[in-house]
Amino acid sequence: KENGVTRSIQSNQHPIKKGVPQGSVLGPVLFILLTNDFPDYIKDYSSVVMYADDTTLLLKEDTPEDVSISAYIALHMTYDYCSVNNLAANPSKTKQINFGRRGDQIPNLPDIESVDQSNLLGLVLDSNLTWSPHINALCKKLSSALYVIKRVKCISNIQAAKMAYFALFETYLRYGVVVWGGTSTTNLNRVLTIQKSAIRSLANLRELPGRIQKSQN
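Residue numbers for the sequence shown follow UniProt numbering, beginning at 1 and rising by one.
One or more of the hints may lead you astray.
Here are the simulated lysine-lysine pairs, DSSO-like style, with alpha carbons at most 30 Å apart [to be verified]: (1) 17 - 43; (2) 93 - 43; (3) 140 - 93; (4) 141 - 162; (5) 196 - 140; (6) 150 - 162; (7) 93 - 141; (8) 150 - 196; (9) 140 - 95; (10) 95 - 60; (11) 95 - 141; (12) 95 - 43; (13) 141 - 153; (14) 140 - 153; (15) 140 - 162; (16) 150 - 140; (17) 60 - 17; (18) 141 - 196; (19) 153 - 196; (20) 43 - 60; (21) 196 - 162; (22) 93 - 17.
Hints are computed from structural coordinates only; laboratory data are not their basis. Note that the structure is a prediction, hence the values are computed from the model and not measured.
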């Protein structure tokens with residue numbers, strides 16, 4: 001049974017006949033227990049990566065035709081699993097992304113959108129694994145965080161600015177770096193340039209002209 005609380009008003013308890021309540025502490029745990037057997041159920045056709053209610057099917061075959069067949073079977077097995085367990089699959093949020101040199105030869109799954117890049121747990125994967133789309137998104141976040149750091153420093157003190165750096169800047173910088181850190185030097189330099197600006201701001205160092213900055217690095 002579960003009850004809800006809005007401000008100081010508490011509802012009566014009601015039985016949960018299917019699914020799990022959203023926004024509760026116990027909900028994610030119950031969902032994981034409910035879907036714990038799914039990877040084993042589909043293992044003959046696909047590997048599975050699961051995080052809470054986010055599920056990713058990974059397929060590897062020798063030919064594009066074999067990938068297409070396994071993907072079709074795995075997808076319909078997933079739909080059947082959801083139906084049996086009273087879970088609602090959402091095809092509109094399901095994307096197909098093909099990796100490899102012959103990825104363009106893999107047919108699209110029925111009613112599933114094929115994309116060149118996709119978000120997965122805060123990372124932007126592209127079909128060529130260049131990580132350029134992820135770096136684009138990361139640089140936007142870091143630039144916004146840099147603006148906040150400078151504003152905090154102006155209206156407060158250096159300690160508050162450092163707290164803002166570690167909370168708003170470095171958290172984004174470190175997230176998933178073991179995955180996207182192998183991207184090109186050009187992409188890494190874009191991130192490094194923004195980080196240098198943040199450090200200069202914290203250390204009260206002025207921005208150097210491009211030529212001088214390049215010669216001193």
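Hints, verified against the model:
| no. | hint | result |
| --- | --- | --- |
| 1 | 17 - 43 | holds, 29 Å |
| 2 | 93 - 43 | holds, 22 Å |
| 3 | 140 - 93 | holds, 24 Å |
| 4 | 141 - 162 | holds, 17 Å |
| 5 | 196 - 140 | holds, 15 Å |
| 6 | 150 - 162 | holds, 10 Å |
| 7 | 93 - 141 | holds, 24 Å |
| 8 | 150 - 196 | holds, 13 Å |
| 9 | 140 - 95 | holds, 24 Å |
| 10 | 95 - 60 | holds, 17 Å |
| 11 | 95 - 141 | holds, 24 Å |
| 12 | 95 - 43 | holds, 20 Å |
| 13 | 141 - 153 | holds, 18 Å |
| 14 | 140 - 153 | holds, 20 Å |
| 15 | 140 - 162 | holds, 20 Å |
| 16 | 150 - 140 | holds, 16 Å |
| 17 | 60 - 17 | violated, 38 Å |
| 18 | 141 - 196 | holds, 15 Å |
| 19 | 153 - 196 | holds, 16 Å |
| 20 | 43 - 60 | holds, 12 Å |
| 21 | 196 - 162 | holds, 14 Å |
| 22 | 93 - 17 | holds, 25 Å |
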